[in-house]
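Please build the complex by placing chain V on the supplied structure of chain Y, with the hints as guidance.
2 protein chains.
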Amino acid sequence: MSQQYSSALLERAVDEFSKLPGVGRKTAMRLVLYMLRLDIGKVDAFTDAVSTLCHEVHYCQVCHNISDSDVCQICSNPSRDASTICVVENVQDVMAIEQTQQYRGLYHVLGGVISPIDGVGPSQLELESLVERVDKGNVDEVIFALSSTMEGDATNFYMSRRLSKYPEVKLTVLARGMSINDELQYTDEVTLGRSLVNRVPFTVK
Amino acid sequence: MSQQYSSALLERAVDEFSKLPGVGRKTAMRLVLYMLRLDIGKVDAFTDAVSTLCHEVHYCQVCHNISDSDVCQICSNPSRDASTICVVENVQDVMAIEQTQQYRGLYHVLGGVISPIDGVGPSQLELESLVERVDKGNVDEVIFALSSTMEGDATNFYMSRRLSKYPEVKLTVLARGMSINDELQYTDEVTLGRSLVNRVPFTVK
Numbered sequence: 001m002s003q004q005y006s007s008a009l010l011e012r013a014v015d016e017f018s019k020l021p022g023v024g025r026k027t028a029m030r031l032v033l034y035m036l037r038l039d040i041g042k043v044d045a046f047t048d049a050v051s052t053l054c055h056e057v058h059y060c061q062v063c064h065n066i067s068d069s070d071v072c073q074i075c076s077n078p079s080r081d082a083s084t085i086c087v088v089e090n091v092q093d094v095m096a097i098e099q100t101q102q103y104r105g106l107y108h109v110l111g112g113v114i115s116p117i118d119g120v121g122p123s124q125l126e127l128e129s130l131v132e133r134v135d136k137g138n139v140d141e142v143i144f145a146l147s148s149t150m151e152g153d154a155t156n157f158y159m160s161r162r163l164s165k166y167p168e169v170k171l172t173v174l175a176r177g178m179s180i181n182d183e184l185q186y187t188d189e190v191t192l193g194r195s196l197v198n199r200v201p202f203t204v205k
Numbered sequence: 001m002s003q004q005y006s007s008a009l010l011e012r013a014v015d016e017f018s019k020l021p022g023v024g025r026k027t028a029m030r031l032v033l034y035m036l037r038l039d040i041g042k043v044d045a046f047t048d049a050v051s052t053l054c055h056e057v058h059y060c061q062v063c064h065n066i067s068d069s070d071v072c073q074i075c076s077n078p079s080r081d082a083s084t085i086c087v088v089e090n091v092q093d094v095m096a097i098e099q100t101q102q103y104r105g106l107y108h109v110l111g112g113v114i115s116p117i118d119g120v121g122p123s124q125l126e127l128e129s130l131v132e133r134v135d136k137g138n139v140d141e142v143i144f145a146l147s148s149t150m151e152g153d154a155t156n157f158y159m160s161r162r163l164s165k166y167p168e169v170k171l172t173v174l175a176r177g178m179s180i181n182d183e184l185q186y187t188d189e190v191t192l193g194r195s196l197v198n199r200v201p202f203t204v205k
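Protein chains in written order, with our numbering: chain Y, 1 to 205; chain V, 1 to 205.
The following block holds chain Y by itself, in its conformation from the complex:
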């Protein structure tokens, strides 16, 4: 697709934007033209934010989440419950759980799940450091909050084996069942079966 741009600078900026995931050349052009209409100060704020983040990013030494310093804002927050660790796959999962406002413990970001087909084994993940955190004591519960997939389940199984030498630590997994607002007849049979088996006492809120 040879296309004559009126400006080499424009072409370069469109090229760069179109490298982003899910951004084609038309979207890239729209984004670039939007940036061109902005005050130059806002453009500088954008490029500075991206550049500063990528140059100065740290990963928390405790939970491996993205952080501004050696220990992240969540791990260093004294009002959070340090006896509970929620194991998640990635940074977005931390944010998804934070948004529920139902969790006050700490996290552990694995960086993926065990997936032999993708060549991801336990050694590529932050699994040893999880065992070390539990080994230090003061942990009452480890919550497995991985995706509800074969790989997630395999990783849960691996973690439960590695943590079996700490019988005082409770291992839990996120509840599986019908989504809120789901209609029963359209819920898949596996999920519905699990909802039935794991039914809980009815309470009036």
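In case anyone wonders, no lab produced these hints; they're calculated from the structure. One thing to keep in mind: the hints can contain errors.
Under the rule of at most 20 angstroms between Cα atoms (straight-line distance), these lysine to any residue pairs were calculated in the SDA-like manner [unchecked claim]:
| no. | chain 1 | residue 1 | chain 2 | residue 2 |
| --- | --- | --- | --- | --- |
| 1 | Y | LYS19 | V | GLY41 |
| 2 | V | LYS136 | V | SER160 |
| 3 | V | LYS26 | Y | GLY22 |
| 4 | Y | LYS26 | V | GLU89 |
| 5 | V | LYS26 | Y | MET95 |
| 6 | Y | LYS42 | V | ALA28 |
| 7 | V | LYS26 | Y | GLN92 |
| 8 | V | LYS42 | Y | ASP15 |
| 9 | Y | LYS26 | V | GLU98 |
| 10 | Y | LYS19 | V | LEU38 |
| 11 | Y | LYS19 | V | LYS42 |
With the C-beta cut set under 8 angstroms, the calculated list includes, among others, these residues of chain V facing chain Y [stated by the list, open to error]:
| no. | residue |
| --- | --- |
| 12 | SER6 |
| 13 | ARG12 |
| 14 | ALA13 |
| 15 | PRO21 |
| 16 | ARG30 |
| 17 | VAL32 |
| 18 | MET35 |
| 19 | LEU36 |
| 20 | ILE40 |
| 21 | VAL43 |
| 22 | ALA45 |
| 23 | THR47 |
| 24 | THR52 |
| 25 | GLU56 |
| 26 | GLN73 |
| 27 | GLN92 |
In this text, all values refer to a predicted model and were calculated from it rather than measured experimentally. For every residue, glycine included, the Cβ atom is placed at its ideal position computed from N, Cα and C.
Quick look at chain V alone, frame taken from chain Y:
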């Protein structure tokens, strides 16, 4: 939506990305995490391309397209036909026409169309400079290549009035009719009617 980010730098970068049109916070997060995984050199190339474009952008003094210098690459190309001017609304339209590879003349970027409802009158557009270009002579044809909307038609009418004192200059408008691959029964009646009225001699290519 209060959401605890583990990193203020991360939050700032997500904020900036989510200001882009059509980019919500989840997409912004995905883009930022993608940038974080890149080599730092590629991040620098991205921010530099955006920053350089926005700091150094020029608009062509002849056609008002985005340019690296005072006269754009299209207007300064001696192999293009300077006797034909194609009037378009914006920069994307120039690129759409360039991609057809069917046009070798020059352009004139209006910067919009006349739209009283949006407060856009002739004085906000590059209409005077179009008349000046025609007034200098050496122009045989002006092609109106605006969108096929009420505003586009009104702008075409305005331009035809302003250019009526140059009877030697041919004024043309893009053909309206069935799109390539359209099925006749699904073509709207106005378009189909225009296709019929403006039918052309049948030729075998």
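For each hint, the structure was consulted:
1. Y:LYS19 with V:GLY41: holds (14 angstroms)
2. V:LYS136 with V:SER160: holds (17 angstroms)
3. V:LYS26 with Y:GLY22: holds (13 angstroms)
4. Y:LYS26 with V:GLU89: Status holds; Cα separation ~16 angstroms.
5. V:LYS26 with Y:MET95: holds (10 angstroms)
6. Y:LYS42 with V:ALA28: Distance ~17 angstroms between LYS42 of chain Y and ALA28 of chain V Cα, so the pair holds.
7. V:LYS26 with Y:GLN92: holds (9 angstroms)
8. V:LYS42 with Y:ASP15: Within the cut-off at roughly 12 angstroms; holds.
9. Y:LYS26 with V:GLU98: holds (14 angstroms)
10. Y:LYS19 with V:LEU38: holds (11 angstroms)
11. Y:LYS19 with V:LYS42: holds (10 angstroms)
12. SER6: Holds, about 4 angstroms.
13. ARG12: holds (5 angstroms)
14. ALA13: holds (4 angstroms)
15. PRO21: Nearest chain Y Cβ about 5 angstroms off; hint holds.
16. ARG30: This hint holds: ARG30 of chain V lies near chain Y, its Cβ roughly 7 angstroms from the closest one there, short of 8 angstroms.
17. VAL32: holds (7 angstroms)
18. MET35: holds (6 angstroms)
19. LEU36: Interface hint status for LEU36 of chain V: holds (6 angstroms vs cutoff 8 angstroms).
20. ILE40: holds (6 angstroms)
21. VAL43: OK, holds: VAL43 of chain V within 8 angstroms of chain Y, min 4 angstroms.
22. ALA45: holds (6 angstroms)
23. THR47: Because about 4 angstroms separates THR47 of chain V from the closest Cβ in chain Y, which is inside the 8 angstroms limit, the hint holds.
24. THR52: Status holds, d = 6 angstroms.
25. GLU56: Hint on GLU56 of chain V: holds, closest Cβ of chain Y at ~6 angstroms, below 8 angstroms.
26. GLN73: holds (6 angstroms)
27. GLN92: Hint holds; GLN92 of chain V Cβ to chain Y Cβ min 6 angstroms, cut 8 angstroms.
Violated hints for the displayed structure: none, as all numbered hints are satisfied.
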